[in-house]
Amino acid sequence: MDLSYSPQEQAFQAEVRQFLADELPDDIAARVKAGGEVSKEDTERWHAILQSRGWLGQTWPEEHGGPGWGPVERHIFDEEAARAYAPRILPFGLQMLGPVLIKFGSDEQKAHYLPRILDGTDWWCQGYSEPGAGSDLASLKTKAVREGDEYVVNGQKTWTTLGQHADWIFCLVRTDGSGKPQEGISFLLIDMKTPGIEVRPIRLIEGGHEVNEVFFTDVRVPAENLVWKENDGWTVAKYLLTHERTGIAGVGFSIAAFERVKALAARTMRGGKRLIDDPLFAARLAEVEMDLEAMKIFNLRMLAEAQRVGHPGVETSMLKIRGTEVRQALNDLYRRALGPAAAVMPGEAPGGNAAVLAPEDEGAAASYFNNRKISIFGGSNEIQKNILTKAMLEL
Amino acid sequence: MNFEMTDDRRMLADSLSKLLGDLYGIEHRTSMAYDAPFHDIEGWKALAELGILYAFVSEDAGGMGGGGFDLLAVFEQLGAALCPEPLLGAAMAAPLLAEAGEELEPLLSGEAIYALALDEPEAPWDAEAGATEGGDTLTGRKTAVYGGNAATHFLVSARREGKLALYEVKAEDAAVTPWGMIDGGGAAELMLDGTAARCLLPDAGPAIEQALDRGRLALCAEAVGAMDWCYATTLDYLKSRKQFGREIGKFQALQHRMVEMKTAIEQARSITIAAADRMDWRSVAMAKSLVGRVARKVSEESIQLHGGIGMTWEYPLSHYAKRLVMLDAQLGDADFHTARVAATYA
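If you read the protein sequences in the order shown, they are chains A and B.
The opening position of the first sequence corresponds to residue 0 in numbering that gives the first Met the number 0, with each subsequent residue numbered one higher.
The opening position of the second sequence corresponds to residue 0 in numbering that gives the first Met the number 0, with each subsequent residue numbered one higher.
Misleading hints may appear alongside valid ones.
What the hints assert, rightly or not - Each pair of labels, with its calculated beta carbon distance range:
id: 1; chain 1: A; residue 1: R307; chain 2: B; residue 2: G24; range: 55 to 61 Å
id: 2; chain 1: B; residue 1: D34; chain 2: A; residue 2: M289; range: 41 to 47 Å
id: 3; chain 1: A; residue 1: S177; chain 2: B; residue 2: E313; range: 31 to 37 Å
id: 4; chain 1: B; residue 1: P205; chain 2: A; residue 2: A282; range: 27 to 33 Å
id: 5; chain 1: A; residue 1: Q181; chain 2: B; residue 2: K17; range: 48 to 54 Å
id: 6; chain 1: A; residue 1: A282; chain 2: B; residue 2: D59; range: 44 to 50 Å
Claimed, not checked - Selected chain B positions facing chain A (in silico; Cβ < 10 Å):
id: 7; residue: E121
id: 8; residue: A122
id: 9; residue: T176
id: 10; residue: M190
id: 11; residue: F250
id: 12; residue: R295
id: 13; residue: S317
id: 14; residue: H318
id: 15; residue: A320
id: 16; residue: L330
id: 17; residue: D334
id: 18; residue: F335
id: 19; residue: A338
Think of the hints as simulated: they come from the structure by calculation, not from any bench.
For each residue, glycine too, the CB sits at the ideal point set by N, CA and C.
Given only the sequences and the hints, what does the whole structure look like? Please build it.
What follows is the structure, encoded as structure tokens:
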């Protein structure tokens, strides 16, 4: 057994570090570190920087403009990028639709859409969840009826992340309601400028606008925007969800969060004592570090297996559960380390000599609350447990 | 043995509950609690007119209560209604003013709004460890003064001749910077630099500790009220939300979590009752620690059991969830109080 990266992987890691040091703009990293919302412009700037190096379509094969990385390279990049406070790569076009089109799209669809994803022409969002179809995705009701060479779409999607910026949405729609719920679903690409689409903001618990409801009223979509076969969209949806779950452990985020809390606790004074010297706080931090250390290796074991067999295993559901728990535990410790001042509303905190917290820490409580979402989205942790139950227990 | 509230307290709690229902419907509460001045002065006046503030003062001093169970009766209702009014300051200030022989009428009538300024950036929750210095004036910095956004008067702890003293500072004499809290309601920073102040108690250490314990108990009761609301709301949701062809409450994995949540809430309620009865520092510390831990659990579980809807601003649960997490950071968090209790084993 050899747990270290190969010489080539180590060289790659050094290359990624150097790239981040040279190319990640300081102003963007500062905003990511402060936990605020990353703007559309920041995301687009960062995408363009990555694309100029050929590192944007990280899961794409080289023939479609990807860098030809395997799971280990992708993991190294994710970890280094999170530690450097790079913005996350917007997954909808690059990590979800791109791989779907490469596997299921027609030649025309690949030729048209893939370059536009890489060069930033199209901002994609995801039309999966509906008010009545969350964990039970297959119960979705948004309807698409074929009329000549068009589909007419009616219904509603929800939790549409950053849909307010989107040019296009990929949607699961019901084209047949007669069989089992998983049958009769189709995968459709819809231009957000089409008449009949309305986007309404959903404000989240901490006050931010990150998700939306999208309403469809008699929206006419060219039939050529169907991906794969009519009524076989569930096959496409499942493939996409598998891609969604890779990298879901968020190890890089947790490493960055752990180092940050540790440094904060070392400089925070509580009644003449450093917080890090408080045995209770230190013990909590140590317990999270142990979980994180284990998860790093667990994650590498899964990556090695994925590299070997060509696809991620069911254990990624365990990583999703534990990964989100560790991140949430670190969010919790970060907020707690700041004491009563953590309650300050981010963006409206007093400044100057009346400042309550360092500006980079003002978002701590907001991040804690916002990140309650990570155990809900991408298949809630309860759904992950159902997946594991079915795959492993044979009960 | 009798765990029923007295009729007087029950009546007070009922009329308070009704008034809060009329005044602080969740839409009004949400629109008001997050924007300056972070509370509703008309609501404050109505609460004062109902006589709520009399519950914080003993009959000897002209009030109608002043005991632990009076705090329980009031703050449980405030928690259930998620009321952002600065009543905690009044509950803590009343006995301090009484001990100092001050006139209580301005506090009882609601005309004077008191906030306790004890925390400092490097010494939260621990007045004894503060660095603010007092003589004829005050110099130092108080942080996260809960209710300081609305206060007309601050009671400030400071070092004076080697002892912990208590001063009164009028809001107009100090540099007060109000700020809104992420869970609604407000606080303030208090910058003191040769600030005019009146020393109320030159040797105030024990009195301040008692005031802190009253505040801690009040926060426990507030949490119990808010947790009951979250539990009931989550249970309703499990009965109405359908996925996979049935109410999600039919899934045993979720049923067990509800039962665990309810058990934890009953533990929290019980230790809060114990603290209200005994009113000694150790009982209060145990309550504040246990309640702080349970409150966070109830908050997180309520959101998780709801799924995405529990994450939204529009759905009232999210605001209760925020309050339940953030109140742990007031007047000593769970770790702070666990350490105090543990230190008695030595």
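Hints, verified against the model:
Evaluation of the 55 to 61 Å hint for R307 (chain A) and G24 (chain B) yields a pass: the beta carbon distance comes to about 59 Å. At roughly 43 Å, the beta carbons of D34 (chain B) and M289 (chain A) sit within the given window of 41 to 47 Å. Separation of S177 (chain A) from E313 (chain B) is about 35 Å and conforms to the stated range, judged on CB atoms against 31 to 37 Å. The supplied range of 27 to 33 Å is met by P205 (chain B) and A282 (chain A), whose beta-carbon atoms lie about 32 Å from each other.
Checked against the given bound of 48 to 54 Å, the beta carbons of Q181 (chain A) and K17 (chain B), roughly 51 Å apart, stay inside it. Distance hint for A282 (chain A) and D59 (chain B): a CB-CB separation of about 46 Å, consistent with the stated range 44 to 50 Å. Given the 10 Å rule on beta carbons, the hint for E121 (chain B) holds: about 4 Å separates it from the nearest Cβ of chain A. Interface hint status for A122 (chain B): upheld, as the beta-carbon distance to the closest one in chain A is roughly 5 Å, under 10 Å.
Because the closest C-beta pair between T176 (chain B) and chain A is about 4 Å apart, less than 10 Å, the hint holds. Of the supplied interface hints, the one on M190 (chain B) holds, with its beta-carbon coming within about 6 Å of a beta-carbon of chain A, less than 10 Å. With a cut of 10 Å, the hint placing F250 (chain B) at the interface with chain A holds, because the nearest CB-to-CB distance is about 8 Å. Given hint, R295 (chain B) at the interface with chain A, holds; its Cβ is 8 Å from that chain's nearest Cβ, closer than 10 Å.
Taking 10 Å as the C-beta contact cut-off toward chain A, the hint placing S317 (chain B) at the interface holds, the least distance being around 4 Å. For H318 (chain B), the suggested interface contact is upheld, since its CB lies about 8 Å from the closest CB of chain A, less than 10 Å. The interface hint given for A320 (chain B) is met, as the beta carbon of that residue sits about 7 Å from the closest beta carbon of chain A, less than 10 Å. A distance limit of 10 Å between C-beta atoms decides the matter here; for L330 (chain B) the minimum to chain A is near 8 Å, and the interface restraint holds.
Interface hint at D334 (chain B): satisfied, since its Cβ lies 4 Å from the closest Cβ of chain A, which is below the 10 Å cut-off. The beta carbon of F335 (chain B) comes within 8 Å of a beta carbon in chain A, closer than 10 Å, and the hint placing it at the interface holds. The closest approach between the C-beta of A338 (chain B) and any C-beta of chain A is roughly 6 Å, which is under the 10 Å cut-off, so the hint is satisfied.
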